[in-house]
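Trainee: Chain residues, written in single-letter form:
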Amino acid sequence: MTRWAFLALLSHWRRQPLQLVAMILGLALATGLWSAVQAINAEARASYAAAASRLGLSQGPTLTSPDGTIPSDTYVALRRAGWQLSPVLEGPIRLGGRTLRLVGVDVLSYPALPDSSALSGIAPLDVLTPPGRLFASRVTAEGFDGDPRLVLSQDVPAGVVLTDIGTAEALLDRPGALSRILVLPDQPMGLAPLADLAPQLSLSSPSATSDAAHLTDSFHLNLTAFGLLSFAVGLFIVHGTAGLVMEQRRPLFRTLRALGLPARHLTLLVLAELLTLALIAGLLGLVLGYLVAAALLPDVAATLRGLYGAPVEGGLTLRPLWVLSGLAMAVVGAGLAGARGIWALVRLPILASSGMALRSVASGLGARHLALAGLALILAGYLALRLMPGLTGGFVMLAGLLLGAALLLPLLVDACLQLCQRRAKGPVAQWVWADMRVQLPGLSLALMALLLALAANIGVGTMVSSFRLTFTGWLDQRLASELYVRAASDEQGAAIERWLASRADAVLPLRSAEITLAGQPGELYGVADHATYRQNWPLIASEPGVWDRVAAGEAALINEQLARRENLWPGDTVTIAPDWTLTVAGVYSDYGNPKGQVMVSIPALVAHHPEVPNRRFGIRVDPAKSEALARDLRQSFDLPEESIVDQAALKASSLAIFDKTFVVTGALNVLTLGVAGFAILTALLTLWTMRLPQVAPAWALGLTRAQLGRLELCRSLALAAITALLALPLGLALAWVLLNVINVAAFGWRLPMYLFPADWLRLFLLALIAGGLAAALPARRLHRLPPAHLLRIFANER
Amino acid sequence: MNARRRLLALLLCGLPFGALAQGFAGLGTTAEGFAIPERGRALTFPADHGPHPAFRIEWWYLTAPLTGEDGRDYGIQWTLFRSALAPEERDGWSSPQIWMAHAALTEPDRHHVAERLARGGIGQAGVTAAPFAAHIDDWQMTGTPGKGIDQLHLTARGKDFAYDLRLEASGPIVLHGDAGYSVKSPKGQASYYYSQPGYTVTGTIETERGTVRVSGQGWLDREWSSQPLAEDQRGWDWFSLSFDSGDKMMGFRLRDGGPGFTSATWIGSDGSAKPLPDGALTLEPLETTTVEDRAIPTRWRVVLPAHGLDITVGAMNPQAWMGTSFPYWEGPVTITGSHTGRGYLEMTGYE
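Going down the list, the protein sequences come from chains H and B.
Plus 59 on top of the position in the first sequence (first one is 1) and you've got my numbering.
Plus 26 on top of the position in the second sequence (first one is 1) and you've got my numbering.
Derived from the structure by calculation, the hints contain no laboratory data.
Hints may contain errors.
[Said to hold, decoys possible] Straight-line C-alpha distance at most 20 Å; calculated SDA-like pairs for lysine to any residue: (1) B/K185 - H/V242; (2) B/K185 - H/W72; (3) B/K185 - H/D245; (4) B/K185 - H/L311; (5) B/K185 - H/G249; (6) B/K185 - H/D232.
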């Protein structure tokens, strides 16, 4: 009995293959997008963790100095006092045309050396004495793989070059300097406290998560939010299909029950069927997710490296966690989508008529309830932001806003339709509007999906475009010099400066030191007193006479990130070193940099950090002469090609990095919209069978099938248009939250919001196309429906 | 031995990582570019108390069987090794000199070990000849200025022990072999080797059980070479024995496939030293103990007919295992038989 009943249930799919495809594809899409995002996140996080453990970055307490440099004599003194420590000297290094992070460690004491297999055949003398050895992974070593010092080791994280501290000292030209000192786990008994021995150093305890993981939290939260959105939209498809399948099989269920199949038995069979479908679709979704993740990961990795300096390898590995989470999402999703159908099945009256038409009639009460719930959600989101400011609050608010707006949609659309109905003249027009209102409950889920997809598109699009516009303008201000040159040594730097004095309009030294600002890594820049800065530097807040005061060494400029994080604004004071505090005279915008930054006059910088290299210069020159000057400069000093960069090239590369950052966002955006269009299609197909009893009387009254088909198409277009219009304010609200709440919390900068009506128009058309395409199939069917079918409606209305 | 330790061990031998070490701790590898000990070169003091960077390996090795005020027997070891990757010294991190130190405190029922490593050139470890001072981190062996190595202050501490001792020498420095040229194999491998075997030791030791005042006898060994072992020699058994009669004996056997190579120095109570050739000393293991999954001889019969010596030497604590980068056995011993007294035993190369 069970077997035959199950076969009878399955026979439905043979007759309706399209529904099977919609069901599986919808679930697979939802699972796929979700697991793609999960895979990317898991991969990135695993990379951070691996990097942290392999490099010992978070391997225990660490001593740092407020000015970023610890003399190695201090290390020796602490060692002589008995403390077991390991010194580290690190800094940026140019290798193979890229800037990499050089980490120099004492190989005798460092707790996290690469596996000894990587060292096979290398003499220790070569590691410890000049020219030394550089350990890097294959990915990192691209570009300098001909270097005789290179030793490939997969244990070294991406973007990092590991070497002995003696080699690092020479390469970074920082003799006798250390960046930090690790405190090793095993210490002898009876030591004097570090705070007494080296009061100038601060001891930071290991944090649970590495810096990279902390910095990139916002990025991953963003991705996860997008993944959830795609999943929700995908579920709309499945929900629509599942509802349809249940609806169409009611007669079958009744027959099976009448034949003696117990209700519990039947329910279990339907559940088993749903589970099978969910697992098949889940596996398909995982394959899809893997492909999407593999395609996007290189860009994500590039973004994370470029924006945060977080090391992520480009390769993707299959992790059991996201495989399981993907399958679980598919099963849960199918369960959610099928829940209503199964609930109805349990309570299925064997003999009563289906009352299909009745159930689909709009219930004003239901829409009003939904709307109330929607308002409550929006309010809750707003409260959440008030109660927990920051990133989490921001995302809760976004979730409340989007879901709430989606729940408000049926009532708003209904109100629009009512308005049109009142103005409609003639019976056909009135019937069309009234009929749309009847259809609305069945379509509202699909419309919600469309609303969410459109709003996300508008919101994220506005955010990205506003950001890009601001960023471009900011680049123009910030990169005011025509040429940028980098010397190989301080001596060469001084020579270049002298050489340029008579040939360029101005030479602006660019000098900086790494320091600790408010307990976090930061940068200290020296700024020359020159009109270039006075006219161009992008200040967002300043005191009168800001540049004079900075030039006099009385005041400092800080970047927006630091200002917002520490709540420092003009008039406040910033502590640059324990013995060095300056008034903040201005705040400048500084995009694409998560670190805090302070700018002081060059004499002040040199007074506190005499060791800062003087090798980078901005050159002001007549743009027409810049190319010739660059050529002369290269020849005179035998500088390599990459040492001189012109403004245009620098801007282009900055914008390229920027665009790459949002490749993933754009791709997910398009996918979400596609899924929403598909949702409308399945919803209309679901409604199709229910529509016949309502269309048949109109046909009987004289409307042709062609007219009915056209009206069907217009109806869908109208609904898509209304939804798109309603999505606009929602999208703009979303953009506002993204720019003013999420960005500030995630990156530390606030961006002005620009509006892009052309984009809206394009999106509006896109929504119409989606609605039209979705309605085309049912409309065509209606057009070609044999009149006998319509007649039969009257003959055997169930 | 874990991977990190293996790495360090190889690093200290100056061998290519992954290459097969020759003999114990790579001491049997060839010494290209390094200085070689020469017979007939007279040792000069205080200069030779200091380091000899042109030689590949060198040590300052102090052992002392002690007795506490609590009536219990103890023993301490303090060793500073210098290992050169190249026969030169340079300032800063690029120095090819590497320093390693071991300290141990042996109790009858427990054995505490600590190890230190340091790069040369930065001041974390080193030795000066006059005034004599040897240190690594906070461990030190410091001489009173003007007294050479006759008066020493010795400290070390680990996770669970510490000691702070004063040493006062009562006899002359003893040169082993041919005026300090000590042959290690029939093939001629040799080292420079001298000792100060006659320290009186007083001071304190500290463990979790508390601080105890101790006293006893100390023995300093100084040795440097570039290839002290022949290629086929796998390890050695080394004894420093102080008899109640006032006489002392240093003796060792280098083990190879055959009978091995023995050498000994008999030190009279007046400080006179008599070197004895290969074969004069016989060493016979009587009993082994399982230590770290190896069979280690912890009771020996030691016979030196030339001086009427026929004794049994037994470990005070058979588990005196040094689980350091190069693992070996080292601990205090008690002497019974024709002579009585105390001493130290070191055994290397037992796999």
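Trainee: Taking the hints in turn, state whether each one holds.
Mentor: Results for each hint:
1. B/K185 - H/V242: The hint holds at about 15 Å.
2. B/K185 - H/W72: violated (73 Å)
3. B/K185 - H/D245: Holds, because 7 Å separates the two Cα atoms, which is no more than 20 Å.
4. B/K185 - H/L311: Violated, at about 79 Å.
5. B/K185 - H/G249: Distance ~9 Å between B/K185 and H/G249 Cα, so the pair holds.
6. B/K185 - H/D232: violated (37 Å)
The structure is inconsistent with the numbered hints 2, 4 and 6, although it conforms to all the rest.
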